[in-house]
Structures are given as structure tokens and as C-alpha cells.
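Since the structure of chain A is already known, use the hints to place chain B on it.
2 protein chains.
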Amino acid sequence: MSSEFLTVQEVAPRDGLQIEPVWVPTEAKVALIDALSEAGFSRIEAGSFVSPKAVPALRDGEEVFMRMRRLPGVIYVALVPNLKGAQRAMAVGADELNLVMSASQSHNRANMRMDCEASLAAFADIAAHARGGDVLLNATVATAFGCPFEGRVDEDRVLDIVDRYLALGIRGITLADTTGMASPRQVARLVRRARARLPASALTLHFHNTRGLGLVNVLAAYEAGAQRFDASLGGLGGCPFAPGASGNICTEDLVHMCGEMGIETGIDLQRLIGLSRGLPALLGHDVPGQVAKAGRNCDLHPMPAERVEPGQPPAKQAAA
Amino acid sequence: MSSEFLTVQEVAPRDGLQIEPVWVPTEAKVALIDALSEAGFSRIEAGSFVSPKAVPALRDGEEVFMRMRRLPGVIYVALVPNLKGAQRAMAVGADELNLVMSASQSHNRANMRMDCEASLAAFADIAAHARGGDVLLNATVATAFGCPFEGRVDEDRVLDIVDRYLALGIRGITLADTTGMASPRQVARLVRRARARLPASALTLHFHNTRGLGLVNVLAAYEAGAQRFDASLGGLGGCPFAPGASGNICTEDLVHMCGEMGIETGIDLQRLIGLSRGLPALLGHDVPGQVAKAGRNCDLHPMPAERVEPGQPPAKQAAA
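These protein sequence lines map, in sequence, to chains A and B. Mapping of the first sequence onto the UniProt record's numbering: position 246 corresponds to residue 246, and the numbering continues sequentially without gaps. Mapping of the second sequence onto the UniProt record's numbering: position 84 corresponds to residue 84, and the numbering continues sequentially without gaps.
So here's chain A without its partners, still in its complex pose (with noise of 0.2 Å):
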């Protein structure tokens, strides 16, 4: 009995597949979240509302939209960059939307293609669109904990940006490591100055895996007061500046930790493993996932049969 629970929000049929430069087809998007939604999230990031010719890989949004079978409970977010990509996502019944916006200028003019000001009058016209209706807003500060362009973001930018987005009367907040940079006493720091603006279940922190500290921020952030989590499954969705580096952190990679700790989710782990070793069929090509390679602690091997002489260790095997 686990008093303690992590909410973890799926994000690889956005943010995963988003760049992956196989087509992936409707039926195959829609089956992928149905069987999400099967293995126990409360919400998942299904699609996003941009461009067709920005984000070619996700121009069916709204077909996905109204085709996956919607779980009662679950929240199925969608992303928007702007007014009209909300209004295609509201059209379809999205429950959440998710506005990003990047902390550091130079980024959010390289991803958003627009300086932050502007962003943030669209999320204006996006909170008044909405205002009084049933869809549920989120905003994101991308770069929170670091630009590749600009290195160093401050935090006191970080968290007026956030002040920006309660005052539009947005009501969750995602931190954003989008490239990878966060460093756990960083991610604690802030964590807690945004806790004091924010109760837990307002708060996402999305971190990537790019230099290997994905989980070491998630447990950062979780012990100074975060609780819900982007993930992607397979560690699926990279980062256009570090080819071959990992991207997201790994959902079933998260959700093995937090079973290994007696931390809740509430997700079928070997339901998601499954899911997980059927993603290099369908994009042809390896994922960074751990958890689905080597097994959960529980799956244990029979020992080997082969007997050598004492004091002779096989080869292949690890010493220690």
C-alpha cells in the first residue's frame, strides 16, 4: 500500500512520433493510443494542431482525433502553436490544450518562428476563445532549464513567464527541458520556487534524456514537490542537435523506477513493454528504451547449464 503516487503523461504519439521521418499511418496512430489508453494513463498527448507543412508527420491530427476510442477519465491533450490550430483542436473535442512557448527568445524565434510576445498575445487569444468553455489549458516554458543557443536561462525569466500564463487564467504549467540540459539541483531549485505558485497537480515537468540525466531530474523534481511527468514511449522523440542522443525520458523506463521505489503510476508496466518492443517494426529503426531491452528486475533468467573448470569465469559474462 503506496501512499505515494507520479502521474505520467504519455506524449509519443506527439512529441515522439513528431519527428520520426516514416510516415506512420492513421489506423496504426490511432491503435497506439488506444492501447495507451488501455495500459492505465490518465492523459496523453495524442496529436498536435500546426501546420501540415511544418509538422508533416502529424497532419492527421484531427482524423486521430475522431478515431481513437476516448477511456472515460483519460485526458487526450492536443498541441497548438496558435488561435486556429485551438480551434481545430476544440473542433474535434481535444480536453486539453497545450500552448509552448521557449523561455530564451533566440529559440522560441527558431522553433515558434516568432518572437515571445508574440506568443504570448496568441495564448491571449487562445485563453479568450476558450474562456467558458470545458477544454482545459496548459502552457508551456520550453528551455526552461537551458537554450542550445543561448546556454544559461534565468530562472527569475523562467518563472515570470509562468506568472504570464496564470495571469492569461491558464491553469497548468509544463517546465520544459527541451534540449536536454537540466542538472538535478537546478531542476529542484526551480521546481520549488514553481511550487510555491502552484499546487502539484498544476504542474508538468517534461524532461529529455539527451545527456543521460532524464531520470535523475524526474527524481529531483519529484523530491522537491513535482508529481506529473511527460514520458514517451521507447524513449521515442530526439533532438534535431544531438543526432543518435536519446530524446524524451522512456515511459516503461520511468514507470519500472517508480515500481522499483513503491511510487504508484498506476500503468501496466508489461503491457507498455510490449507496446515498447513493437515500435522498431513500425519506424524501422531502434529505440533508446532500457527497460524494454533488458526486462523488468522481476523477469529472472534461468542460470546458465554450461560447466567450466573452478575459478575459470566464462567469457561474455561481467565479473563484477
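Worth flagging that the hints you see were computed from the coordinates, not collected in a lab. Incorrect hints may have been included.
Here are some, though not all, of the chain A residues that point toward chain B, as calculated from beta-carbon distances under 8 Å [claimed, not checked]:
#1 VAL92
#2 MET181
#3 GLY274
#4 CYS298
Every residue, glycine too, gets a C-beta built ideally from N, C-alpha and C.
Leaving out everything else, chain B in the frame of chain A:
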């Protein structure tokens, strides 16, 4: 000016290379060790003195120890399974002998081809032989956090083995997560209990990243009072039970994490990254380390030059 320090013992020349199927020429091993010495390590596990039939990849241990250039202040460690191996290692001037036994009887039989009692008897012989000389002794408790055949390993048994090592006059102790089954709260608990018996300077933690928790466990151990960690350049050194999964924690990823947290290691990260980037050519395959692929946090990128319309994020860029 940091008052925090963490010692990294580099194990790639031993634990990293032992399972490589390609033959790494003696010349290349020596060059690697010499380069590691110059990168600032104070401890390097440079080879093993087991049967050449059992671990053919390291059959040139004597020659490596004789040809490598020893830097003053660096401790060059040799893994030995028995008295004969200890005598061979001492003959070529190993500074420290590392003895390995698994906490689980079944893993010790599979890995060392003997019961734990036979291992302990061999360690007593080695300790008696080494007494009065100036060679240092370290003994490893392998599978200290879980066994791939038996599952959970009792903490009292691990600590009982530590006590038996200490009673033999062995001063250095390593707790090894041989197949990557440790989780952070378990690690913190065992480290606190081990530290009640040992000063930080005598305790080493050896983690594998098999299930993605290597650096999480390092930080948990560090915060619980451990200060010395094994790590392998590039994350070399897989696990025979997890094909395709990571093995040892990656040295440059660990050193990068410490640098970002203000914990000194004394190691030249940029030099390490250069060495790690040479591994695929030496071994014929990619290696798991992330920082060598992604670069350091401080390695900034130029902004992309292309311009598209506002509100349209370009393909291949992560929006969050």
C-alpha cells in the same frame, strides 16, 4: 570553489573490454590507459588476471601492465579471481588487487565457477600472501542489489560479506549492481548501512545502467555518503543477460553530471569526450554514452538560418 568531490574509478580497460568480441591490440589498450591517466583519473582498473581461456579479450594483462605509462599518484588496479591471478598481478606491479564474489550463491557459481565459501577461502589465501607488502586490496560484492537468477538479495547477507572481507584484512569494499537491478532508495539504505562500517574513502559503488537507473543510483548513493564510483568510458561493458541494453554507467556522462552540479572530479571532460568518440572505430560498434553524442551543456549551437512563416514550426524541430 566547490567543497564537494567525487572519485571516479575508470573501468573500461577491464570491465569495458572484457566482453568485446573484437581483439583490441595490446598497443591500443596501452594507449587508452595512458590517455585515461592523462585525463586526470586517480584510479584505473587496467586489466584482469584470470584464465586467458575464460576471458581471451584480456589475455595480455601482463604486457599491458608492463607497457603502460604509470603516472605518479594514479592507482592501477587488477582484477584477480584467485591466488595465482594475484601473484601474476603483483609480479607486474599492480597497485591494488580487486577480488570479486557474488552475494548470491547461484551467480557466484555461474560467474566465478565456485561456491562463495571457495571464493572466500581464495581471498584469505590472497590476503595472507599480500600481507606485509604494499599492494592494496579491494573486494567486490557482486549482485549486491539483485541477482538475475535469484532476484532479491538480502541486505544482511551483503553486509555479512562486507564484514567477512574486512575480517580478512581487506580495506577496500565495492558494492556492485552487476546486472543493473538497483533502485535509488534501496541504494541509499545499503550505502548508509555500509558507511556505518567503512569510511567513504574505502567504499566504491559499481552501477550498471541496464534499466536506465545508473546515474540515478549514483546520486542516491552520493547523497547517502558514498564518494567513489566505478564508471566506464562510453558506457562500455554490456550485460550478457540484456542484449542491446546498456552496461556500466558511462564515465563522461557521470563527469558531466558532476560538473553541472558543482561536484569536482578532477577529470578533463573534453578530453574524455574525445576518447569516447574514438571507441566506435576501435570496437566496430556504437557505444551507449550520451554526452559524447550530444556534447556538453556549454557547447552551444548556432541558430538555424532558414525562415518560414510565423506560427509554423519547422519539421525536425522539437516543440517542447
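Item to complete: Check each numbered hint against the structure and report the violated ones by number, ascending.
Response: The structure breaks hints 1, 3; every other hint is satisfied.
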